[in-house]
Every structure is written in structure tokens, then in C-alpha cells.
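Each chain is listed here by its residues.
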Amino acid sequence: MPIVLIIAEQQPDGNLRKATYNAIGAGKQLAEKAGGELHIALVGKDPAKAADELKGYGAKAVHVGAAPELEHYLAETYAPALATLVQELKADYVGMAATAQSKDLMPRLAARLRAAMATDVMGFNGSGADVTFSRPMWAGNVFAEVKLTTPVKAFTLRATEFPAAQGGQGAAEVKTFTPKVEASKTKFIDFKEVKSARPELTEARVVVSGGRGTKGDFKEIEALADELGAAVGASRAVCDAGWVPNDLQVGQTGKVVAPALYIAAGISGAIQHLAGMKSSKTIVAINKDPEAPIFQVADYGIVADLFKVLPELRAELGKLK
Amino acid sequence: MKILVTAKRVEDPESKIKVKPDGSGIVQEGLKYKINPFDEIGVEEGLRLVAKHQGEVVVVSIGGKEVQEQLRHALAMGAHRAVWVNHTGPLDQLGIAGLLQKVAEKEKPDMVILGKQSIDDDQNQVGQYLAEFLGWGQATFASKVESLESEQEKNKVPALVIGADGKTVRVIREVDNGLATLECQLPAIVTTDLRLNQPRYASLPGIMKAKSKPIEELTPDKLGVNVTPAIQVLKMSSPPARKAGIKVADVPALVEKLHNEAKVV
Chain A
0 MPIVLIIAEQ QPDGNLRKAT YNAIGAGKQL AEKAGGELHI ALVGKDPAKA ADELKGYGAK
60 AVHVGAAPEL EHYLAETYAP ALATLVQELK ADYVGMAATA QSKDLMPRLA ARLRAAMATD
120 VMGFNGSGAD VTFSRPMWAG NVFAEVKLTT PVKAFTLRAT EFPAAQGGQG AAEVKTFTPK
180 VEASKTKFID FKEVKSARPE LTEARVVVSG GRGTKGDFKE IEALADELGA AVGASRAVCD
240 AGWVPNDLQV GQTGKVVAPA LYIAAGISGA IQHLAGMKSS KTIVAINKDP EAPIFQVADY
300 GIVADLFKVL PELRAELGKL K
Chain B
0 MKILVTAKRV EDPESKIKVK PDGSGIVQEG LKYKINPFDE IGVEEGLRLV AKHQGEVVVV
60 SIGGKEVQEQ LRHALAMGAH RAVWVNHTGP LDQLGIAGLL QKVAEKEKPD MVILGKQSID
120 DDQNQVGQYL AEFLGWGQAT FASKVESLES EQEKNKVPAL VIGADGKTVR VIREVDNGLA
180 TLECQLPAIV TTDLRLNQPR YASLPGIMKA KSKPIEELTP DKLGVNVTPA IQVLKMSSPP
240 ARKAGIKVAD VPALVEKLHN EAKVV
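These protein sequence lines map, in sequence, to chains A and B.
In this text, residue positions in the first sequence follow numbering that gives the first Met the number 0: the first is 0, and each later residue adds one.
In this text, residue positions in the second sequence follow numbering that gives the first Met the number 0: the first is 0, and each later residue adds one.
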């Protein structure tokens with residue numbers, strides 16, 4: 000029976016990344032299509048508590064590998080640690096939510112396993128041994144259906160394309176394994192967290208983004224985001240101009256988001272920005288230029304000055320409460 | 000210091016990409032080609048490091064004769080020489096990393112710099128595969144924090160700093176929720192993120208000089224690499240088109256739509 004192994008990701012504070020639950024949801028879909036069973040893996044210095052949280056998500060087993068050398072995430076130590084488990088389990092599929100960490104780690108792990116890999120998978124097709132992956136290419140301008148022909152198949156998952164797995168589904172067995180520890184040629188020096196009270200861009204249900212039209216004044220963008228409990232995003236132009244931090248960038252070269260609601264204010268809609276947000280369920284565009292390309296992908300558009308619209312929108316939304 | 004940098008040939012990022020009606024690929028007519036923008040940032044970073052530490056930048060590309068255009072572009076920017084792996088036909092990331100491994104073993108660079116991803120496949124894999132194949136350290140998504148246009152830029156710590164003994168490189172990486180700093184023993188693999196630097200324009204003398212710089216030709220056979228792909232692209236399609244939206248007159252109308260029609264607020 001094919002085995003689907005989903006790797007859970009811990010944040011530096013030890014909590015699980017929210018996207019992990021979407022990856023488990025995706026793993027479940029894949030296990031069904033492939034006619035296999037779902038397993039979850041977690042490695043780190045002390046991952047037992049986080050692993051315990053994953054018991055009720057419908058996996059056959061949760062595998063925990065602890066070692067002091069795994070305190071700070073490094074591809075060079077995590078890849079061998081996880082490779083041991085993949086080989087012991089004889090897993091056929093190994094996947095993880097597409098995050099900065101998995102994009103660093105998964106290809107290294109795949110290389111070790113001589114596995115072909117698909118990045119940013121959005122869905123699975125076919126069944127049994129013929130399962131294929133659908134994934135974006137050319138910044139989401141093309142969807143490709145790909146087949147991996149190596150014995151082990153690796154992938155990262157676009158979390159927003161898969162429903163988050165729900166807890167309360169029995170208790171999976173928690174099994175410990177001894178991860179292989181290898182000396183790393185790379186040293187962890189530090190991690191500087193950019194702290195924000197707002198949700199992470201790729202995980203937010205609502206995103207409010209500002210473009211050149213803001214002229215760098217993000218106060219109204221932020222105020223609306225806070226009204227909606229939303230994340231703040233930006234176009235590449237405003238990041239390059241230094242008006243907002245780079246990690247807010249939505250686009251092909253920034254973050255790809257697909258929230259339930261995306262509000263684009265003062266964003267004209269360059270190809271590379273559209274690639275990062277056009278999978279959003281509902282798109283609202285606010286722009287003074289009626290010809291702006293953003294209106295071609297927006298469900299609802301308002302041709303007006305964002306500095307006039309945003310405060311009004313915030314007030315109207317407040318009335319709904 | 001010897002730095003090997005990749006220069007993949009890709010469609011101009013501003014191009015409109017269309018899928019052929021039969022789903023067998025994309026429409027090639029009318030497309031312009033460029034060096035992968037992330038690789039171009041790699042070339043720039045290589046040139047900056049070599050300007051500081053002496054040495055040479057060797058640029059490598061895999062593909063048919065046409066990839067010489069991208070190699071010449073990198074040479075015109077200032078790269079010293081080029082390696083062309085002559086191969087037509089499909090390749091996957093395992094094959095590409097296998098070829099680059101052999102080139103790296105032949106060239107013995109102190110560092111290989113690759114774009115974090117190419118803008119056609121968007122796989123974001125080759126650097127990491129290569130690091131594992133070579134058994135080297137890796138620092139992906141090397142990035143500068145601040146805007147490249149800001150005044151303070153000149154005083155910022157560069158994202159890639161070679162250690163005093165010349166045996167390590169310290170790299171600032173852009174990751175989710177913040178910035179990570181790693182120190183890799185050399186030789187190492189670095190992949191570039193968008194904001195690492197602003198690639199220079201090739202000068203006219205640079206372009207003239209590039210014409211006489213050597214391009215070495217290799218093949219998968221010569222390198223002893225089997226490049227039969229393990230990733231098969233069965234079909235390509237256009238993403239579902241978004242239904243043409245509507246323009247609403249004012250904010251109350253918008254909120255009404257969002258609340259009652261889209262049901263998102």
C-alpha cells in the first residue's frame with residue numbers, strides 16, 4: 000500500500016505552521032487517490048509536544064525524530080534526519096506545505112532520495128499508480144499536469160489550494176525514530192523575526208494590498224487590514240522603492256497568496272503581481288485609472304482615489320459588525 | 000576566488016505566455032528570450048565578490064546553440080569565461096543538477112551561485128539538488144533587507160560576506176517571517192532572491208569584449224550524465240479565466256456585493 004508522508008513544520012517558537020494542516024488535508028487527498036495511507040513526520044530538538052497535537056488528524060502514525068543537533072533548522076541536518084524515516088517507512092510520496100523552509104529543504108531531501116519533485120502542487124489527478132500532480136509554471140500563467148517517475152516522489156503544496164485537515168479524528172500512534180545526525184558544513188548564525196500582529200500573508204483569509212498609488216502611505220491600507228483582521232500586502236514597485244518591507248511583496252517573485260478576499264488598492268496589475276494573487280477567491284480593485292489591468296481580474300472594481308475609498312470602506316464594514 | 004554562476008535562457012518575464020491549443024507546450028512565436036532574472040542577479044553578485052576578492056566568474060548554461068546568447072550577455076556584464084553544455088530536448092531538475100555537478104567538479108569553484116528559481120519552470124530546486132549532490136553547504140534565497148534605492152544602501156552589510164580567512168561565506172537569507180543568517184564553509188551553494196542586488200547593464204566595451212571571450216562546449220555525454228527526465232509534463236493548460244468582473248458605483252454598493260453576493264465579509 001502506498002505511503003504518503005507529510006512533513007510538519009514548526010516555527011522557531013515551537014508552534015506548528017498553520018499551513019501544515021493544509022498539507023495534511025492534501026496528504027489525505029493524495030492517499031485516497033493513490034489508495035494508500037497517510038503518515039506525518041516531525042523532527043527537531045524537542046518536537047514531542049507539537050507531534051502530540053497532530054494525533055487527531057486522521058494519520059496512521061505520527062513519527063517523531065528528536066536530536067539536539069536539530070535545534071535550528073538547516074537543510075543539511077534536516078534532510079538526512081528525514082531521509083532515514085522515508086527509507087525506513089518505504090514512503091512513496093513525501094510532501095510538505097510550500098514555505099520558505101520547505102522550498103529550501105525538500106529539494107535537498109529529494110536529491111538525497113534521488114527523487115523527482117514537483118513544487119507548489121495545487122491538486123492531484125488520476126488514481127493508483129497513475130496519480131499526477133498539477134502545478135503552476137510561468138508564474139501561474141500555465142498549469143501543468145506532471146508525472147514523477149522515480150520510486151519516491153517529492154512535492155511541496157500550495158497550502159491555500161487545500162482545505163485544512165480537521166482534528167478530532169481518533170488518535171494516531173506516535174512513534175519515535177532515531178534521526179540520522181550528520182555534521183553540517185553550514186552554521187546557523189541567527190534569525191531576525193519580523194514581528195507583526197497581523198496574520199501571515201500566505202495564511203490570511205483576507206489580504207489588503209497597496210501599490211504605487213499609495214505613494215508609500217500605507218496608513219489607510221493598514222487601518223482597513225486591521226478592521227478586517229487581514230494581512231497587508233504590497234506590489235513589487237512599492238517594495239523596490241523601499242516604502243514597505245520586502246516580505247510584504249505579493250507576486251511571482253514575492254509571495255503567492257490565494258485568500259478568500261483580496262483588496263488591491265492603487266495597484267495597476269503588472270503580470271508579475273497578478274501571478275501572485277489571481278487565484279484569490281474574490282478580488283476587489285480600487286484604482287483611479289479605469290484602464291488599469293487589475294480590473295480585468297477583479298470581481299468588483301471601483302474607479303476612484305484609494306485615499307477616499309479606503310476610509311469609507313472601513314466605516315461601512317464596521318457597520319456590518 | 001572562483002565563482003561559477005548559472006545563466007538559464009528563459010522567456011522574457013514581461014511576455015504573455017499562451018498555451019498551445021493541444022496542451023503540448025506554449026506558443027513560441029513572437030517570444031523574446033532573456034537570461035533568467037534570478038541568474039542575472041547571480042552574475043552580478045559573482046562579479047561584485049570577484050571585484051573585492053580577485054578571481055574569476057565562470058558562467059554556465061545548458062541548452063541548444065541559442066543559449067550562447069545568454070552566455071554572451073553574462074560575459075558582456077563582465078564574466079570571464081563561459082561553459083556551454085550543449086543539449087537539446089527535455090531536461091528535469093535531477094538532470095540539470097547532475098550536469099552542473101560534473102561542471103562544478105571540473106571547475107572546482109569556491110562557490111556556485113544560482114537563481115533561486117527560473118521563471119519558466121518555477122521549480123526552485125536545482126541549487127538544493129546540486130548542494131546535496133556535491134555534499135556542500137547551501138544558503139538559499141540570499142537577499143538584502145533594505146531597498147536597493149535607499150540612501151543608506153551603501154552602508155548596509157552586504158548579504159554575502161566572505162570570511163577573513165577566505166574559507167567561509169556568511170549569507171543573509173529571506174525566509175518566512177524574517178531574515179536568517181547562515182555561515183557556510185566554502186565551497187558552497189548560494190541561490191539568489193530578487194532583492195540581493197541590481198544587476199548592471201552591459202557596457203558597449205563590455206559587449207565588444209564579450210565577443211572574444213572563450214565559450215567552452217561540453218555535452219551530457221562528455222560529462223557522463225544520463226539526463227533522461229524523471230519528470231514528465233503530460234499536459235499544459237491555461238488557468239481558468241476569471242469571469243469578467245463589474246465596476247460598482249460607490250463604497251456602499253461594494254460592501255453590499257461583498258456581503259450578500261461574494262459573502263466574504
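In case anyone wonders, no lab produced these hints; they're calculated from the structure.
Treat each hint with caution, since some may be false.
Stated by the list, open to error - Restricting the straight-line Cα-Cα distance to at most 27 Å, the calculated cross-link-like pairs of lysine-lysine (DSSO-like) are:
no., chain 1, residue 1, chain 2, residue 2
1, A, K280, B, K1
2, A, K218, A, K146
3, B, K166, A, K280
4, B, K246, A, K184
5, A, K280, B, K256
6, A, K146, A, K44
7, A, K307, B, K256
8, B, K246, A, K318
9, A, K320, B, K262
10, A, K184, B, K256
What the hints assert, rightly or not - To list a few chain A residues with every Cβ distance to chain B over 10 Å, as calculated:
no., residue
11, K89
12, G127
13, G169
14, V180
15, T201
16, F217
Unchecked claim - Stretch-level coverage of chain A by chain B, calculated; a stretch enters the list once three of its residues show a Cβ under 8 Å from a Cβ in chain B:
no., segment
17, 139 to 145
18, 225 to 233
19, 282 to 295
20, 309 to 319
All C-beta atoms in this analysis are idealised placements derived from N, C-alpha and C, irrespective of residue type, glycine included.
Results of checking the hints against the structure:
1. K280(A) x K1(B): violated (48 Å)
2. K218(A) x K146(A): violated (46 Å)
3. K166(B) x K280(A): Violated, because 49 Å separates the two Cα atoms, which is more than 27 Å.
4. K246(B) x K184(A): violated (56 Å)
5. K280(A) x K256(B): Answer holds: K280(A) to K256(B) is near 14 Å, not above 27 Å.
6. K146(A) x K44(A): violated (35 Å)
7. K307(A) x K256(B): holds (19 Å)
8. K246(B) x K318(A): holds (22 Å)
9. K320(A) x K262(B): holds (14 Å)
10. K184(A) x K256(B): violated (56 Å)
11. K89: Per Cβ check, K89(A) is outside 10 Å of chain B; nearest 19 Å; holds.
12. G127: The claim stands: G127(A) keeps its Cβ more than 10 Å from every Cβ of chain B (closest is about 16 Å).
13. G169: Its Cβ never comes within 10 Å of chain B, the nearest being 31 Å, so this holds.
14. V180: holds (16 Å)
15. T201: Violated, because the least Cβ-Cβ distance between T201(A) and chain B comes to about 8 Å, which does not exceed 10 Å.
16. F217: It holds; F217(A) is separated from chain B by about 14 Å at its closest Cβ, greater than 10 Å.
17. 139 to 145: holds (count 7)
18. 225 to 233: As far as the segment 225 to 233 of chain A goes, the hint is violated, because 1 residues have Cβ atoms under 8 Å from chain B.
19. 282 to 295: Since three or more residues must qualify, the claim that chain B covers the segment 282 to 295 of chain A holds, with 6 doing so at under 8 Å.
20. 309 to 319: holds (count 5)
In this structure, the earlier hints numbered 1, 2, 3, 4, 6, 10, 15, 18 are contradicted, and the remaining ones agree with it.
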